[in-house]
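Read top to bottom, the protein sequences are chains A and B.
For the first sequence, counting from 1, position 317 maps to 317 in the numbering used here; every step adds exactly one.
For the second sequence, counting from 1, position 337 maps to 337 in the numbering used here; every step adds exactly one.
Just to be clear, a hint being listed does not mean it is correct.
It does not matter which identical chain is used: a pair holds within one copy or between any two.
Computed list of lysine-lysine pairs in DSS-like fashion (alpha-carbon distance at most 25 Å, straight line) [to be verified]: (1) Lys26 x Lys394; (2) Lys360 x Lys394; (3) Lys104 x Lys26; (4) Lys381 x Lys391.
No wet-lab data here; the hints were simulated from the structure.
Here the structure is a predicted model, which means the values were calculated and not measured.
There are 2 protein chains.
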Amino acid sequence: MAENPAEERLRLLSEAEAFKREFERKLTPIECLSPRSPAVFISVGGGELGDLALTAAGRLLGGANGGVRTVVFDRYEGFPAQDSADAYEIFDMLNGDMLEEAVKKYIPDPDEPHAIYLEIERVDTFRVCKLGIEDGYRVASTPYGPLICMDRHMTKLMFDRLNLPRVEWAYAGSPEEIRKAARDFNLPVIIKPLMTSSGHGTTIAHQWSDVEEAYDFAVKHARGKGSEVVVERFLPELKSQGTEITQLVVRHFDGDGKIVTSMLPPVEHRRPGATYHESWLPATIPEEAVRKCQESAGKIAEFIGGLGIFAVEQFYVEGKVYNNEVANRPHDTGMITRWMLNLDEGAVQLLSTLGLPILKRDLELARSGVYGVAHVVLAPKRENHREAPVKCWKLWEVKRYMEAEGYQGDLWYFGKPAAYPGRRMGLAVAFHENLEEARRRAEEIAHYTEDRIFYG
Amino acid sequence: MAENPAEERLRLLSEAEAFKREFERKLTPIECLSPRSPAVFISVGGGELGDLALTAAGRLLGGANGGVRTVVFDRYEGFPAQDSADAYEIFDMLNGDMLEEAVKKYIPDPDEPHAIYLEIERVDTFRVCKLGIEDGYRVASTPYGPLICMDRHMTKLMFDRLNLPRVEWAYAGSPEEIRKAARDFNLPVIIKPLMTSSGHGTTIAHQWSDVEEAYDFAVKHARGKGSEVVVERFLPELKSQGTEITQLVVRHFDGDGKIVTSMLPPVEHRRPGATYHESWLPATIPEEAVRKCQESAGKIAEFIGGLGIFAVEQFYVEGKVYNNEVANRPHDTGMITRWMLNLDEGAVQLLSTLGLPILKRDLELARSGVYGVAHVVLAPKRENHREAPVKCWKLWEVKRYMEAEGYQGDLWYFGKPAAYPGRRMGLAVAFHENLEEARRRAEEIAHYTEDRIFYG
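The following block holds chain A by itself, in its conformation from the complex (with noise of 0.2 Å):
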């Protein structure tokens, strides 16, 4: 992609959109489910969104007995969806020779029911494509789906391609380019390698002497080895006036047998840094303002196409969505859905992607007058990066809190175990009818539960 990567990533664009029709009539609804040759759902990944996908074939349809059965793989022993599936592989999933490997074992025919679920962009991306181009392998969204989403630039340039409002950015091959486009932008401006997940290695450059750390940080952090960044504008009035959303959006089968789009609520969260840190349901932003995330969102879907979950991550900011990034699958910001809709999203994309039925009603909320806040519960930041074994946690001096507090909510503990400093180890979730006060609440929690898990 050297000499000219927007035309390149145009041209790829267009291969998407074109090979996207083929695909589609490819895909059929499963109107039987048998145990005796159950459809085989692979999750490419296994933290707590794949958990939450794998959970809900045992808890919706009975698991392989029910007709469904789960494949997961990670790259290390004892991740949080390993004893929730039916079967598990632990090798490095940028390894395509592994990664084709293993899902040929557990299908063997792509012609037989099943659905792959990329968890995660530390992945080879570019053969689950070929799997999916070449073998007809059901890669959700559609196999240029996830290459589409975890590339920025090219998410950029789908955003124009569709007209969609976005913050202004520029592509940047080197320290030198980010300074000649944040020129033209006024610092700050966000520097962004152009493949990670969950934020990893995106700095804000408020001085023009952080661009060259910046940039390195980026390169360093990138999913896949490179020069290229990503520069966007900052948007000042963000953190004052405006706010963050995650707009869900899943292609399913309708009952007639036709793949149609439909909404979950949006999600709204903020974060200090870059990473994932609290989101909660419903969303404050008016209804207009929802109108446009949907509109966005939605376009976005149906371009890429396919079935399964896309997660646009859009800001608000004085009556105006900006769309910024699209996860092709379930996002962190979208776990509160476990507590606050009548279908998690994990359990939306084993549903969605298995060719399975959705109902609008199983979108819709399913607490009512309380806002529900999730907040991340993290390892401790430490000097070094070494990872540290979980040793014990203390379930029982959250709870004596929450209760001495009159607190409402919940705590998912993930069982990792062991953290590297500021892994997600848990959500603290509070409920209140006030969302200020829930913030504060699931804010609390979460500290309260980081200094009760120890480590060594």
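Using the hints provided, position chain B relative to the given structure of chain A.
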């Protein structure tokens, strides 16, 4: 127990009461959950009720890496909770030697944190009791608890000892003794085996000529061998003016390390026969009746003691509450808690029996403004009693139906690999602000689903 069954059982009740104090003194909360030495939770029996408890370990606590390892036993390959547990064994749990061996395999040292949950009654309960008394295993609620509650005669003697209102009853060892008792009660009478679960072996005898057959039916369906049955006065007003309640009550540690008794909201239910048919939350009985239901249930839970859930079956007729049976475990009717409470009864059983925290708010309603009704999905009744394997089931048709009718609800398909006639295969759920409408809808979804499961 042949000579004087009542005396023998009263002696056992006293023994249970004395042992309870000793047993409770040794129970401790689990302050630290550790992946290196996880607490072990064994579900003896792995149907849908076991599944609820086991999935909670993963969904709340992160499973074995969160510090709780789950184990499940059942008698056949492909049981619902098999794939939810970290380990499983398949054997006949009425075989005491095998049961003891399996328990000791997973919990070699009873001083290590653990809990044993008898999910079904078809278990060598005496051997489990002995494991609790002699080896110090933490059988929920207490080693004697399941023994008392599975024996209808002993349960009724306990009601009398606690001065609890109950339906008139008599013990009978022959059809002749039934006829004698029935003369005092008037016809019809209800004839039940001394020990079964879920209403198996129960008959309503409307005529004198029914008695012989009812007796034979009860004895044949009894859990153990023996000639004993229980005869109960039929409450004619129950069907016309009364209702049936399951009062779930849980013994659990509070924040000060004291074992306390907490109430779940009463579950209301109806059944055309003796087995579970439909149940809902919230119950429609008046405040004063709730108080009575909970007062009785509390006394029973505190008499038996220990940790975990008790499900007290009660009748509410014309301002009066009659206690009828007790299950020392989560209850079929309580499965609706999965949709209506902050924690479902499986999670409550898991947490409470392990000595992990339950907060009052965990036991409160999660949905407001609607009734949630669950209705059983049954395998067809057939002439022969042979098992038929499930060929396939059609989720799409059920969901198309729900969509067309505008029904809000859910379907939990258990994933049982085969069905004997009338076997429970799943649960249909409907939500509606009007109870009768919610009941009608749940029933319709259930019956519609029944015709979309194919056997053979």
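Is it within, between, both, or neither for Lys104 and Lys26, if the alpha carbons may be no more than 25 Å apart? within (19 Å within a copy, 53 Å between copies)
Copy assignment of Lys360 with Lys394, given that the CA separation must stay at most 25 Å: between (39 Å within a copy, 19 Å between copies)
What label fits Lys381 with Lys391 when the C-alpha limit is 25 Å: within, between, both, or neither? within (17 Å within a copy, 53 Å between copies)
At most 25 Å between CA atoms: does that hold for Lys26 and Lys394 within a copy, between copies, both, or neither? So Lys26 and Lys394 pass the 25 Å test across copies only (21 Å; inside, 50 Å).
Checked against the numbered hints given earlier, the structure satisfies every one of them.
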